[in-house]
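Based on these hints, arrange chain B on the given structure of chain A.
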Amino acid sequence: MTDTLPEGRRLSRRAFLSGTGAMIVAIGAPRLLDPKSAFGALSDSQIGPALVDPLQLDSWIAIRGDGTVTVFAGKVELGTGVMTTTIQLVADELDVALAKVNVVEGDTWQSPDQGFTAGSQSNKTQYALTGGVRQAAAEARLALLNMASKQLGAPVSQLTVSNGVVSVQGSSSTVSYAQLIGDKKFNLKQTGKAVPKTFEQYKIVGTSVARVDIPAKATGAFTYTQDVTVPGLVHARVVRPPTLDSQLVSIDGWPGRKQPAGVIKVVYKDNYVAVVAEQEWQAIKAAEALKVTWKVVPLPSFDDFYDDLQNLTPTTNRVLIDTKDVDTALAKAPKTVTATYRYPIQMHGSMGASASTASVEGNTATVWSSTQGVYQLRGAIATALGLPAQNVHVIYVEGSGCYGLNGADNVALDAAVISQMVGKPVRVQYMRADEHGWENFGQPYVISLKGGLDASGKVSAWDYTAWTASRGGRPGPPANLASGVLLGFPENPLAASPPATPSQAPNFVDGSNSGPSYIIPSQRLVTHSGVHSFMAGPLRSPSRIQNTFANESFIDELAYAAGADPVAFRLQHLTDQRLSDVITLAAKMANWQPGPAAAKVGKGRYLTGRGIAGMLYEGNNGYNAAVFEVTVDRVTGKVAVDRVWSAQDCGPALNPDGMRAQAEGCLMQTISRSLIEEVKWDPTGISSLDWSSYPVIRFNGMPKTFDFQIIDRKDQPVWGAGEVLITNGPAAIANAIFDATGVRLRQLPFTPARVKAALKG
Amino acid sequence: MSKLTISVNGKDHAVQASPDTPLLYVLRNELHLHGPRFGCGLLQCGACTVHLGDKAIRSCATPVSEAKGKPVTTLEGLGTIEKPHPVQKAFIDHQAAQCGYCTNGMIMASTAFLKQNASPSEDEIKKAMTPWLCRCGTHFRIVAAIKAAAKAMA
Numbered sequence: 002m003t004d005t006l007p008e009g010r011r012l013s014r015r016a017f018l019s020g021t022g023a024m025i026v027a028i029g030a031p032r033l034l035d036p037k038s039a040f041g042a043l044s045d046s047q048i049g050p051a052l053v054d055p056l057q058l059d060s061w062i063a064i065r066g067d068g069t070v071t072v073f074a075g076k077v078e079l080g081t082g083v084m085t086t087t088i089q090l091v092a093d094e095l096d097v098a099l100a101k102v103n104v105v106e107g108d109t110w111q112s113p114d115q116g117f118t119a120g121s122q123s124n125k126t127q128y129a130l131t132g133g134v135r136q137a138a139a140e141a142r143l144a145l146l147n148m149a150s151k152q153l154g155a156p157v158s159q160l161t162v163s164n165g166v167v168s169v170q171g172s173s174s175t176v177s178y179a180q181l182i183g184d185k186k187f188n189l190k191q192t193g194k195a196v197p198k199t200f201e202q203y204k205i206v207g208t209s210v211a212r213v214d215i216p217a218k219a220t221g222a223f224t225y226t227q228d229v230t231v232p233g234l235v236h237a238r239v240v241r242p243p244t245l246d247s248q249l250v251s252i253d254g255w256p257g258r259k260q261p262a263g264v265i266k267v268v269y270k271d272n273y274v275a276v277v278a279e280q281e282w283q284a285i286k287a288a289e290a291l292k293v294t295w296k297v298v299p300l301p302s303f304d305d306f307y308d309d310l311q312n313l314t315p316t317t318n319r320v321l322i323d324t325k326d327v328d329t330a331l332a333k334a335p336k337t338v339t340a341t342y343r344y345p346i347q348m349h350g351s352m353g354a355s356a357s358t359a360s361v362e363g364n365t366a367t368v369w370s371s372t373q374g375v376y377q378l379r380g381a382i383a384t385a386l387g388l389p390a391q392n393v394h395v396i397y398v399e400g401s402g403c404y405g406l407n408g409a410d411n412v413a414l415d416a417a418v419i420s421q422m423v424g425k426p427v428r429v430q431y432m433r434a435d436e437h438g439w440e441n442f443g444q445p446y447v448i449s450l451k452g453g454l455d456a457s458g459k460v461s462a463w464d465y466t467a468w469t470a471s472r473g474g475r476p477g478p479p480a481n482l483a484s485g486v487l488l489g490f491p492e493n494p495l496a497a498s499p500p501a502t503p504s505q506a507p508n509f510v511d512g513s514n515s516g517p518s519y520i521i522p523s524q525r526l527v528t529h530s531g532v533h534s535f536m537a538g539p540l541r542s543p544s545r546i547q548n549t550f551a552n553e554s555f556i557d558e559l560a561y562a563a564g565a566d567p568v569a570f571r572l573q574h575l576t577d578q579r580l581s582d583v584i585t586l587a588a589k590m591a592n593w594q595p596g597p598a599a600a601k602v603g604k605g606r607y608l609t610g611r612g613i614a615g616m617l618y619e620g621n622n623g624y625n626a627a628v629f630e631v632t633v634d635r636v637t638g639k640v641a642v643d644r645v646w647s648a649q650d651c652g653p654a655l656n657p658d659g660m661r662a663q664a665e666g667c668l669m670q671t672i673s674r675s676l677i678e679e680v681k682w683d684p685t686g687i688s689s690l691d692w693s694s695y696p697v698i699r700f701n702g703m704p705k706t707f708d709f710q711i712i713d714r715k716d717q718p719v720w721g722a723g724e725v726l727i728t729n730g731p732a733a734i735a736n737a738i739f740d741a742t743g744v745r746l747r748q749l750p751f752t753p754a755r756v757k758a759a760l761k762g
Numbered sequence: 685m686s687k688l689t690i691s692v693n694g695k696d697h698a699v700q701a702s703p704d705t706p707l708l709y710v711l712r713n714e715l716h717l718h719g720p721r722f723g724c725g726l727l728q729c730g731a732c733t734v735h736l737g738d739k740a741i742r743s744c745a746t747p748v749s750e751a752k753g754k755p756v757t758t759l760e761g762l763g764t765i766e767k768p769h770p771v772q773k774a775f776i777d778h779q780a781a782q783c784g785y786c787t788n789g790m791i792m793a794s795t796a797f798l799k800q801n802a803s804p805s806e807d808e809i810k811k812a813m814t815p816w817l818c819r820c821g822t823h824f825r826i827v828a829a830i831k832a833a834a835k836a837m838a
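Going down the list, the sequences are from chains A and B.
Using the working numbering, the letters of the first sequence map in sequence onto residues 2 to 762.
Using the working numbering, the letters of the second sequence map in sequence onto residues 685 to 838.
Chain B with its partners taken away, still in its complex shape:
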C-alpha cells in the first residue's frame, strides 16, 4: 500500500493503493466515481473505459501506477446532467441506453474516436465500436448518437 497522486477530471487526488491495483478500483472505491464500471476485468467488454490523456483505455486492467503524470478523464469529467458533453447529449437525445451499463464505455470510446475521425461514416463507427460490448441491443441508437454527435461538434 503506497501513496500515489493521480489527476482525475482536472483535480489531483492522493490515493492509497498498491501500484498494481487496477485504476478502475481506485476510481470507483477511493474517488467514488461510478461512471467507469466493472464488466469483465479481461479487456473484453469496455464498460470500464476512461481516458488516459487523449486515449480511451480499459481501466480494469491498467495499473494505477500507469496513471502517474497523465490526466485521467471519466464519464463524470465529460459533462453533467445539466451540462452534458455533446456526445452525452446525443446519447440522451437518441435514447441510446437500455440498462445503461455499457453506456460509459460507449461514450468514452466514441468521444476519443471522434477526436481521431471527426466525421466518420456509419461503417467506420461500427468498426470502431465493435470492441465495446452492449448486451441490451442498443446498437442502432448508439450508432445514430455518435453520428449526431459528430455533426454537432463539426
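Just chain A, same shape as in the assembly:
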C-alpha cells in the first residue's frame, strides 16, 4: 500500500520501503536527473547527501524534460499559503505558467536547510534579494538565458521569455527551457550576479492567486502526515505519566485479563512507555487499558502560579535597554502610572492530533513529519537513535495547522524511537490528551510597567520588568521535547545571563517586542527567565503577543492618565511613519471618534467600547494596527468582539487575498486567546486535555464584521503577514473593555468570571 501525495504538485513521492533491502548509493550521486524525478533517489538509496549545498543552483531549482520546474524549498507549507507564494515567485522570475511549478519542501536529502519555518519569516526569506528562492530563480533565469543566447545566436538583451520558451525579438527562432536543460543539472554555483525582477515588474506576484493545495484539501485527495503509510506498518500509542517528572515504577500489564488482541510489544525506556499493535484500534484500546504504576512528582500550585513565576530563581537576566536615568525621570515626573500584566500559559491546540510515521532499518531511518524544521528534527532523532545525522532522512509532509511548536516534533521522535525498538515501520498518532497535555506550551509572562508623564503630558520614562519561564523548546536536543525528557536524555539548561551590555539608546525594539515602538527618552527594560515544570516553545507571536499586551495596554493607561485620545497620544510619540500610517488608517476605517477613553460609560446591561493597538512586529517584520469594538455584558461578564478594523503594511503585498486570510485567522485566534484560552492543571497533572477543558473560539464567537486594508509598498522588502494582527488583539480588546466599562483588565484571558469580578471592583 502506498500513498501518493497531492496530484500534480510537489510530493508525488511514493512510499519507498519496497522491502528489497538497502542499496547504498555513493554520496553525491546525481539526484535529479531521472525524469521519474526528485524522488527517485528515495527508492534506491539509504544514505543521503552530506549536504544540500545552498550555493549550488541545483539545490534549489530543477527544470524537467516536460517543461515543469521543481523548486526545493526549506520553508514549508504549514497551511498559511507559503507554497503558493513561492510558486508565484518562481513562475514570475522564470516566466513560466503557475501550473508548471512544483515545490519539494523540507526534505533533508533534497532541500536546502533554511532553518525553521517559523516567526512569519518564510516569505521574508524566500523573497529576499539574496539567500532564498528569489535569488535562485533569478540565477536560473540568467543561466537559461545564457544558454539560449548561445543556442539561438543572439545576445541575452534581445531575448524574451514566455511560458518557459525563449524567443529572439523580431525573429521566429525559439528554444524552450526543457530543450535547453530538461532533466539535466545546471552544475553552477550561484554567482550573485543575477538581478531579480522588481515588484513593479512582477505580474503574478502581487495578485490573489488561488492556493494550490485547497482543491485537494476540499476533496479528500490531500495527504497529511497523519495519512502516510508504508508496507508492514504497525501502530503505536504512547502511555504518558501523570506529570512530566513522574517516574516509572512498574508496567503491570493487563491484570485480570490476557494481553489484548494484536499487541506486538510494550516498549519502555526510563520513564517512556508505548504500546505497539498490529491495528490502530488495537493499539488505542491496549494503551488505554495498560496498567502502569508511577511515582508521581506533583505539579506546582495553579493558584500561586504568577507569584511563583516572579519569585522563580531566574537563570537568565537580561538588561535590554538602560538609559541610566529612569529612576530620576520617574521621580521627577508630575504623574506616574504603574501596572502589572499577566499572560497565561496557552497551547497551540492543533485540530489534528500530531502523528508521524517512521521506519528505522539497521543504521538508517526515514521519518515523515510535519515538523517546522526537518534538519533540526533530524538532529534530535539522530541523537535519540544513536545514528549519524546523515543516515536520518526526515521528510516534511503537511500536518494540521501548528502555529508553532505543537506535537509534531515530539511525535516524530516517538515514531523513530519506537520503530527502532520494535524493528518495524511504525505510525504513532497522538490521542487528543497526548496533544493537549504534552505539547510545548506558549510561555507565561508577568510584566510590570512604570511610566512617567511630563508636564506637557508626554511619556518621559518607561520602566519594564518581565518574568517568564520555559523548559525545552525546539529540537535539536531530544530533551527539548517531552518524549526526550521521558526517554532520559539530558535537558539543556537555559542560557546563562549575558554580560550586562544594554543599549543605552532608548526605543531599540528587539525581536520580542519587549520595548514599545514609541519615542520615550528614558527607558529601562529588564527580563528574568527561569525554568519551570512545563515544556514550552514558540506559539504564534511568541513573547511578542505577551509584550504587546502589556505595552499597548500600558500606553493606553498613560494616555488615559494624560487625558488624551488613545490614537492621538500614540501618534504624538511616534516617528516611524509606516507605523503612524497603519494606526491612522485603522482609526479612519473605524471612524474613530477622538477623545479620552471611557468618557461615556453607559448605565445599562450591555456596554460598548473601542480600543486600538498597533506595533511593528519583531522590530522588522510587519506593521499592523487594529481597532476592536466589544460589548461587555455587565450581568454575566461576557465579552463579545463585534467589529474589527485593521490596517497592515508588510511591504509588497504578495497575494492580497492570502494576506487577508492570514489576518482573518489571526483575528479569530487572538479573540480566542484573549477571551478564552488558559492551560490549567492541578498537582496530579495538566487538566486541559480536550476541547471542553481547553475550549477555543467557534463560529458563535465570530465578530459581525472585519474590515481589513493593506498598505502595499512595492519599494520595500517583503515582511511577514502571519503573526502581526494576532499580536495586537489582547491589548486592543483590553483597551476596548476599558473604554466600555472604565475598568482595566490586566490578566488574560478575559473570562466572564474575571470580567464580572473586575466590574464589581
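Hints in this document: simulated from the structure, not taken from any laboratory.
Nothing here was measured: the structure is a model prediction, and the numbers come from that model.
A hint or two may mislead.
Quick list of the computed label-pair ranges, beta carbon to beta carbon [as the list claims (entries may be wrong)]: (1) Thr-637/A <-> Asp-738/B: 55 to 61 Å; (2) Ala-745/B <-> Gly-193/A: 53 to 59 Å; (3) Lys-835/B <-> Ala-51/A: 25 to 31 Å; (4) Asp-738/B <-> Gly-66/A: 45 to 51 Å; (5) Lys-835/B <-> Asp-683/A: 47 to 53 Å; (6) Thr-294/A <-> Gly-737/B: 44 to 50 Å.
No more than 30 Å apart at the CA atoms, straight line, and that leaves these computed lysine-lysine pairs for DSS-like [as the list claims (entries may be wrong)]: (7) Lys-198/A <-> Lys-186/A; (8) Lys-705/A <-> Lys-799/B; (9) Lys-767/B <-> Lys-687/B; (10) Lys-811/B <-> Lys-681/A; (11) Lys-687/B <-> Lys-705/A; (12) Lys-705/A <-> Lys-695/B; (13) Lys-204/A <-> Lys-811/B; (14) Lys-695/B <-> Lys-754/B; (15) Lys-259/A <-> Lys-687/B; (16) Lys-639/A <-> Lys-810/B; (17) Lys-754/B <-> Lys-773/B; (18) Lys-757/A <-> Lys-811/B; (19) Lys-266/A <-> Lys-810/B.
Glycine residues also receive a C-beta, built at the ideal position from the N, C-alpha and C atoms.
Relative to chain A, chain B alone:
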C-alpha cells in the same frame, strides 16, 4: 475480528474489524479514505464527520457495526478535484481552508445541513456550524462558502 460488509461511496466493501472499531479507523486504514480525519476521538471537533444515510455523524465514535445496512458517504464520495460537489466548489472558490484539517468536517456538516435548510441565514449557518471546530480561523470564509453553495444549489 470479524467480517463485515459496509457500503461506502456507493460500493460494498468487505472489511475485517471487530464490531466495536470506530468507523473512522475502518474508513482510513482498511479503505484508505483519508477525507475523514482523526481530531479528538471525543465527539468534540468534527474532523471525522461522514454521512450515514443523510445524517452527518462523527465517525470517530460510531462503531463500524452501526454502518451495517446504511450507506456511508465520505468527502471523497461527494466529488473530486475535477468534479467537485457544489459545496466543495464553494469552499475552493472562497479559499475556505488554511491547513484544511477541519475542512472535511466543515464540508460534510454543511452539506447535510443544507439538505435540512436550503437557504439559511448567516446566523443560522453560524449556529449550525458551531459544533465543528476550526483552529486556523477560517470561519469567515466557511460561512461565505456555505452561503454561496446554498445559492448555487437553489
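Right, here's what the structure says about each hint:
1. Thr-637/A <-> Asp-738/B: 55 to 61 Å: Cβ of Thr-637/A to Cβ of Asp-738/B: about 37 Å, so the range 55 to 61 Å is violated.
2. Ala-745/B <-> Gly-193/A: 53 to 59 Å: Check passed, 58 Å falls within 53 to 59 Å.
3. Lys-835/B <-> Ala-51/A: 25 to 31 Å: Between Lys-835/B and Ala-51/A, where Cβ atoms are some 57 Å apart, the hint is violated.
4. Asp-738/B <-> Gly-66/A: 45 to 51 Å: holds (49 Å)
5. Lys-835/B <-> Asp-683/A: 47 to 53 Å: Hint holds: Cβ distance 50 Å, inside 47 to 53 Å.
6. Thr-294/A <-> Gly-737/B: 44 to 50 Å: Holds: the Cβ-Cβ distance is about 46 Å, inside 44 to 50 Å.
7. Lys-198/A <-> Lys-186/A: holds (24 Å)
8. Lys-705/A <-> Lys-799/B: holds (26 Å)
9. Lys-767/B <-> Lys-687/B: Judged against 30 Å, a Cα distance of about 33 Å means the pair is violated.
10. Lys-811/B <-> Lys-681/A: Holds, at roughly 28 Å.
11. Lys-687/B <-> Lys-705/A: violated (51 Å)
12. Lys-705/A <-> Lys-695/B: Given that 30 Å is the threshold and the Cα spacing comes to 43 Å, the pair is violated.
13. Lys-204/A <-> Lys-811/B: Violated: Lys-204/A and Lys-811/B sit about 41 Å apart, past 30 Å.
14. Lys-695/B <-> Lys-754/B: Holds, because 12 Å separates the two Cα atoms, which is no more than 30 Å.
15. Lys-259/A <-> Lys-687/B: holds (23 Å)
16. Lys-639/A <-> Lys-810/B: Holds - the C-alpha atoms of Lys-810/B and Lys-639/A are around 19 Å apart, at most 30 Å.
17. Lys-754/B <-> Lys-773/B: holds (27 Å)
18. Lys-757/A <-> Lys-811/B: With a Cα-Cα distance of about 26 Å, the restraint between Lys-757/A and Lys-811/B holds, given a limit of 30 Å.
19. Lys-266/A <-> Lys-810/B: violated (46 Å)
Of the numbered hints stated above, those contradicted by the structure are hints 1, 3, 9, 11, 12, 13, 19, listed in ascending order.
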